[in-house]
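Chemist: Residue numbers (my numbering), protein chains in the order written: chain B, 1 to 549; chain V, 1001 to 1273.
Keep in mind that the hints were calculated from the coordinates and are not lab data. All values reported here derive from a predicted model rather than from experimental measurement. C-beta atoms are modelled at their ideal positions from N, C-alpha and C, and glycine is treated no differently. Among the hints, erroneous ones may be present.
Cβ-to-Cβ under 8 angstroms is the rule here; a few derived chain B residues that face chain V [to be verified]:
| no. | residue |
| --- | --- |
| 1 | Thr322 |
| 2 | Lys348 |
| 3 | Leu351 |
| 4 | Leu356 |
| 5 | Asn366 |
| 6 | Arg368 |
| 7 | Phe381 |
Far from chain V, some chain B residues (derived; all Cβ distances over 12 angstroms) [said to hold, decoys possible]:
| no. | residue |
| --- | --- |
| 8 | Tyr252 |
| 9 | His292 |
| 10 | Asp439 |
| 11 | Thr464 |
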Amino acid sequence: MTTNLLEIDDLHITGQGESGEPFEIVKGISLRLKRGEVLGLIGESGAGKSTLGLASLGYARHGCRLVHGSIRLGGKELLGAPPGLLRTIRGVNVAYVAQSAAAAFNPAHRLEDQIVEAAVQHGGYSIAEARAEARRLYAKLRLPAPERFGQRYPHQVSGGQLQRAMTVMAMVPKPDIIVFDEPTTALDVTTQIEVLAAIKDAIRCEGMAALYITHDLALVAQIADRIMVLKDGKLVEEGPTAQILHAPRAAYTKALVNVHRVGGVMKPPSGKIPSLEVRGIDAAYGLLRVLHDVTLRLDHGRTVAIVGESGSGKSTLARVVTGLLPPLKGEIWLAGERLPGALAQRSKDQLRRIQLVYQMPDVALNPRQTIEEIIGRPLTFYFGHRGAERRRRVLRLLEEVELPAGFAGRYPAELSGGQKQRVCIARALAAEPEVMICDEVTSALDAQVADGVLRLLLRLQAETGLSYLFITHDLATVKAIADDIVVMYQGKIVQQGRKEEVLTPPHHPYTDLLLSSVPEMELGWLDRTLAEREARKARGERVMESADR
Amino acid sequence: MKTFARMPLSAKAGLLIVLVFAFAAIFGPWLAPHGEAEIVGDVWEPFSTTFPLGTDSLGRDILSRMLWAARNTIGVALAATLLSFALGMTLGYVAAVVGGWVDLVLSRLIDTIMAIPTLIFALVVLAVLPPSLLTLILVIAVLDSTRVFRLSRAVAMDVAVMDYVEVARLRGERLPWIIFREVLPNTLPPLIAEFGLRFCFAFLFLSSLSFLGLGIQPPAADWGGMVRDNANAISFGLIVPLIPAAAIAILTIGVNLVVDWQLERSSTVRRRA
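Please construct the entire structure, taking both the sequences and the accompanying hints into account.
Modeler: Quick look at the structure:
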């Protein structure tokens, strides 16, 4: 019985709603974690997985309360334990790796001082011991220059390195359990694969147990021995990784496994004047050149996907096309009409014909305007619709994006992420654009919700002949909806063409890196991919690495 | 009504104080038993049924003058604060939303004004200009607007980088729409709290100017001036000058209690959002 490191029984956690009334986040979950085992917790946002992860440290977020149940760590009850006991346990017996390492490190102190802090304060290590251990782990997690790495400040290392540094911080005091809360979600695919491999390696060698929380089933399948699927604070299904992947029992798990099966109809290229044409664009922020000679063409009613990791210049391209960032040189043509580079010089009608949908619907909607005001404004601004006519059109647009008419009077805060993104799309549609730029529109959404939004975009395209410039780092999305693909790397286009051409080998080495970094829903994908890359390197082929290195 | 029931005790007390003073300011002239500058008795008469708060250095009824002064003091402070907010907020928002050299010029100009000690600046300007209520309000408003500018620029900066403001820009919206429809509603809570605070400062500033003889000119009554007129009474063991001083203190406290509650409310709302 004592082989279990962590035992959680019938745990209930409540939080506080908008107006202060309590509601249950975790509704009676039990779990067991043995030494050396990795347990994956998976579910959409709001499933209670992060709350549960924090609870295994005996911690509840501000406003949350551990109401009922029991959390035993190595036989010690944490629920209701005095703060003194919890302090000696946290960081030493159980450690936490947060989603955003950038927000978890203090920018004013050197990395090493923060990394060894818990071990020295609670773990009984001397500073020298903790430093030596940290250096050993830097090497283990494949961080560059292990001897000097800790001397840097958080802003001097990349996102992927910082996430690994945080893992080191958790590992230095040799805890029994580490809780990983979406440790790779904020990273690019190309970086994610490396961090994931490093974490997997470290856990295996150090013999620690881990709770790995994520919304990405393909990802957790690479690292977990066992998976628990959560939904709305309840356990849906639990089982060994292989069983969850290949023989899911619950309908919800099946839906998770089968996500991203959206498929577009292949459209023949049209010979007409392209909706949007970009020729030889160079752009810079100050002295920093971010786009080099970018040329692409978007035909009427088609979708061009621009893919690349962060820093590749794909969002900058969107800013140039919309006029927010005037290019240094090059031309932008909209349906045969040359557009001025700067926003201020474009006519109202030119502005209307290009619409942008943003990544984060939370900040793209004014929280103090109702949905009707938000969608109605372009109707009034561009077409002069007012009163009953405007209202009628707003309701029709809501129907277009599959939202109930009752939403018109609501405020954005009352909507879920997916619903907000639909409102953003409705606002863009209200302007009756020819080109819609979608900047990572699905990356802030849960897989199933994202699927719904993609289906909506495809349907709208089929009905109205809209052209999409689709910016994303998610190749599964690209496969699902693109007609043409443009691969960008460090501000340059490295490959472009029809989807089937780009996706079939031989690839450009960078395209290859991107494609092979997307986690696939099968056991052993991670090890196999990494082994393949090593083998190809050994054969002397050109294998690119993420710019993050 | 629901908000009132949920208010903490301190905010209720503050609101009560503010309402009492507002009542006095609005209806003071009708409530006052005597005229504003009417000499009705001896110098510094003690409290009595005829003169509930005694008389002042010229034999005027203190209670009447307190009520008359409420309108002058609060009126000038309120007008000056409203004006300073109109000015400071508009400039602050323009600086934040337009940015670039507009922001640079405005910010440096405001910095220059702020570099000169406020009281000295006011003393110099008021000594040069003809004394009138309007100049007084304008001087206080302009000096106070520098602080409002700094705050509104800072809060508007945070909002101006939001995607929904960019959406409005991309739509081709003009500056007034961006400022008043997109930015203003989202920056209001901290500014409302600041309004209460700045009102207190304007009020204290006016009182100190009056005390120095440059504020509201006699025979018009105002609390700061009343403290000065009766300052000598202290040496005779009389509490007359403390009465207007107490009025100033109590209103300041009252407004601050309400402001504290507002601040608390706006910050919790933002934490949730």
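Chemist: Indicate, hint by hint, whether the structure satisfies it.
Modeler: How the hints compare with the structure:
1. Thr322: 6 angstroms, holds
2. Lys348: 5 angstroms, holds
3. Leu351: At about 4 angstroms, which falls below the 8 angstroms cut-off, the nearest Cβ of chain V leaves the hint on Leu351 (chain B) intact, so it holds.
4. Leu356: Interface hint status for Leu356 (chain B): holds (6 angstroms vs cutoff 8 angstroms).
5. Asn366: Since the shortest Cβ distance to chain V is 4 angstroms, the answer is holds.
6. Arg368: 4 angstroms, holds
7. Phe381: 6 angstroms, holds
8. Tyr252: 29 angstroms, holds
9. His292: At roughly 25 angstroms from the nearest Cβ of chain V, His292 (chain B) sits farther out than 12 angstroms, so the non-interface label holds.
10. Asp439: 10 angstroms, violated
11. Thr464: 19 angstroms, holds
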